[in-house]
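A.B. asks: The lines below spell out each chain.
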Amino acid sequence: MTAAAGALDLAPTEGSAIGRWASDGWTVTKRNLIKIRRSPDMLAFAVLQPIMFVLLFSQVYGGSIQVQGTDYTQYLMAGIFAQTVVFGSTFSGSAMAQDLKEGIIDRFRTLPMSPSAVLVGRTNSDLVLNTISVTIMMATGLLVGWRVNTSFASFLAGVGLLLLFSYAFSWVMALLGMSVRSPEAINNASFIILFPITFISNAFVQSSTLPEPLRIFAEWNPVSALVQAVRQLFGNLGSAPVPDTWPMQHAIATVLIGSAALLLVFVPLAVRKFEAVSSR
Amino acid sequence: MSFPPNNSSPLNPVSEGRRDPLIQARGLTKVYKSKSGPVYALNGLDIAVPQGTVKALLGPNGAGKTTAVKVLTTLIKPDAGTAVIDRFDVLQRPKDVRRIIGVSGQYSAVDENLTGIENLRMVGRLYHLPAPAARRRAAELIEQFDLADAGNRPVKGYSGGMRRRLDLAGALVNEPRVLFLDEPTTGLDPRSRLALWDVIKSLVAAGTTLLLTTQYLEEADQLADSVAVIDGGKVIAEGTSDQLKAMIGGHRVAVALVEGFDAGVARDVLARYGSGEVQTASDGRSLEVAVTEGPSALQHVLADLAAAGIELHDAGIRRPTLDDVFLKLTGHMAEAGQEKADAGSAQ
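Protein chains in written order, with this note's numbering: chain A, 14 to 293; chain B, 137 to 483.
Hints are computed from structural coordinates only; laboratory data are not their basis.
Incorrect hints may appear among the rest.
[As the list claims (entries may be wrong)] With a straight-line Cα cutoff of 20 angstroms, these simulated SDA-like cross-link-like pairs (lysine to any residue) come out:
hint, chain 1, residue 1, chain 2, residue 2
1, B, K213, B, R162
2, B, K213, A, E288
3, A, K286, B, L227
4, B, K292, A, E288
5, B, K292, A, K286
6, A, K48, B, L324
7, A, K43, B, P268
8, A, K114, B, L227
9, B, K213, B, D182
10, A, K114, B, R299
11, B, K292, A, I49
12, A, K48, B, I253
13, A, K43, B, L324
14, B, K337, B, L324
15, A, K43, A, I145
16, A, K114, A, A35
17, A, K43, A, N137
18, B, K292, A, P196
This is chain A alone, in the form it adopts within the complex (with noise of 0.2 angstroms):
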């Protein structure tokens, strides 16, 4: 379908619609491994952020703050690592809202890949940093004495629920991104719902302490059933009483049941999104 016969063949390649899709998925991934290695703003964020918040939350309040049957740095982790996962991928939206700006959307919109590939590439290149900073954070929690109580296979489980969870939670932030076209309203927005839900939440004290509207707010929080299924699975949970709402009695089922529905809302809606958003 050329036109000029250079001296190149530029027929595209074969393959079906699955290998196309994967191929420019992981095009776009590759884009924006580059680019978070050639950040080093970014890439320091990412590694120096948890160690910090590992580091600060374990000594600053370790002395303080009580919980039944473990020490608090143990209970602390969990709650570190869902946060720090959470806010990670709020970077998918700012990073969609660059993008748009820039105008590099319209380039890939008028390519003939795959409408879902840019977020593929810009979910997955998030779930890469996310996995990064989880495993800072885990060295830095050994550290201090964090310890993993259960079996490896337990531990995976844990670890394959908080990406799991911030990779579905991505894909609202592309969308979020994509409609508010800001970056820095991305950031603010975010830092405004996002402090809010993963502070009241059992992530840094036990939900019974918390005044009565708040506390029913963190039982049925899912930032806070992400939290108790981590702890339960690396054995950090005590032996305080698990309090008697649904998504705390049932917090794995919680976390595999919402992260299935964020994606299957979010997914398509901005996928279909993404087909129609232009530049300005």
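Using the hints, position chain B against chain A.
C.D. replies: Just chain B now, kept in the frame of chain A:
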């Protein structure tokens, strides 16, 4: 080349033989809501670009140029009208359209953090070229666009002209049959502009069909076979740049005198053969008048000036510039409305 003056507007499209247009748009309409009511970014735009030709969409900011390109390149859907690129309807077969077009926008759509070569390889891969072909094509384009020295550096450090060239190279990865360039030289310094014109001219010489938008009249004049002047989201005049110039009335006879004190006599001579008022430039020695019949008027003027013993630096027939055309057609200057985004002006 001379065209009879034509006072009716718009002109008929240039006749291009029997080939079907490669780009064909009919009645494109795009409406945006605004607080003060609907704004027509496109208001029944018709365009036809025959294979192997260059069409310029000429108009000020807000005339609908970028919106037109976005509709034709599948980026946005029109509210009404149809657009077909080489048999493929942009609404029905967007993916087929994307396979055969190349687009370079007003704002360079390149990734700052990738190197020039990485940018082009990525685009190649997204056209589903096999990896080795994408690599070779990237190397070829980097060379062709004079970016070889910078090819392995992140785009962050590129100048505006280099970014534009890279962006244009990105639009050519698949050797597109149809190329869209949205204000390709806006914001470039004159030297980079001339360089980019050369690149575009060589592409066109190789047979690429090109739709170009510009607010530079000179650019349309330099690059396009046919110019569509657009304003308020529709074509208000169309033709070759010569036809457009002819449209606002014949020629102008211009003379430059050696001595300023001859101006009085020269003015009388020009007035005798001119059809309008004689204009004298601020230097007092350059005079100009509109005439109905260019060459014969010039002959008469020269003969009379010679008889009066007046020495000339220069003399000739000048056609009106496209600036004159725009002012005549729209009643406002082409450069008006700079601050407005290209979302459609309400005029």
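A.B. asks: State for each hint whether it applies.
C.D. replies: How the hints compare with the structure:
For the proposed pair K213 of chain B and R162 of chain B, the alpha carbon gap of about 14 angstroms is at most 20 angstroms, so the pair holds. Distance restraint check for K213 of chain B and E288 of chain A: the Cα-Cα separation of roughly 10 angstroms lies within the 20 angstroms cut-off, and the hinted pair is therefore satisfied. Of the supplied pair hints, the one linking K286 of chain A and L227 of chain B holds, its CA atoms being roughly 16 angstroms apart against a limit of 20 angstroms. For the hint pairing K292 of chain B with E288 of chain A, the CA-to-CA distance comes to about 28 angstroms; that exceeds 20 angstroms, so the pair is violated.
Proximity of K292 of chain B to K286 of chain A is assessed by CA-CA distance (about 29 angstroms); at most 20 angstroms being required, the pair is judged violated. Annotation: proposed proximity of K48 of chain A to L324 of chain B is violated, straight-line Cα distance about 27 angstroms (limit 20 angstroms). Of the pairs offered as hints, the one joining K43 of chain A and P268 of chain B holds, with about 17 angstroms between alpha carbons and a cut-off of 20 angstroms not exceeded. With a C-alpha separation of about 24 angstroms, the suggested pair K114 of chain A and L227 of chain B falls outside the 20 angstroms cut-off, and the hint is violated.
Only pairs whose Cα atoms come within 20 angstroms are accepted, and K213 of chain B paired with D182 of chain B is accepted, the gap being roughly 16 angstroms. Taking the CA atoms of K114 of chain A and R299 of chain B, the gap is near 16 angstroms; set against the 20 angstroms cutoff, the hint holds. Under the criterion of a C-alpha separation no larger than 20 angstroms, the hint pairing K292 of chain B with I49 of chain A is consistent with the structure, at around 14 angstroms. Taking the CA atoms of K48 of chain A and I253 of chain B, the gap is near 14 angstroms; set against the 20 angstroms cutoff, the hint holds.
For the given pair, K43 of chain A sits about 31 angstroms from L324 of chain B by alpha-carbon distance, which is inconsistent with the 20 angstroms threshold. Annotation: proposed proximity of K337 of chain B to L324 of chain B holds, straight-line Cα distance about 17 angstroms (limit 20 angstroms). For the given pair, K43 of chain A sits about 16 angstroms from I145 of chain A by alpha-carbon distance, which is consistent with the 20 angstroms threshold. A threshold of 20 angstroms between alpha carbons decides the hint, and for K114 of chain A with A35 of chain A the separation of about 26 angstroms lies outside it, so the pair is violated.
Distance hint between K43 of chain A and N137 of chain A is fulfilled; the C-alpha atoms sit about 9 angstroms from each other, no more than 20 angstroms. As the CA atoms of K292 of chain B and P196 of chain A are separated by approximately 19 angstroms, the hinted pair is consistent with the 20 angstroms bound.
Taken one by one, the earlier hints fail for this structure at numbers 4, 5, 6, 8, 13 and 16, listed in ascending order.
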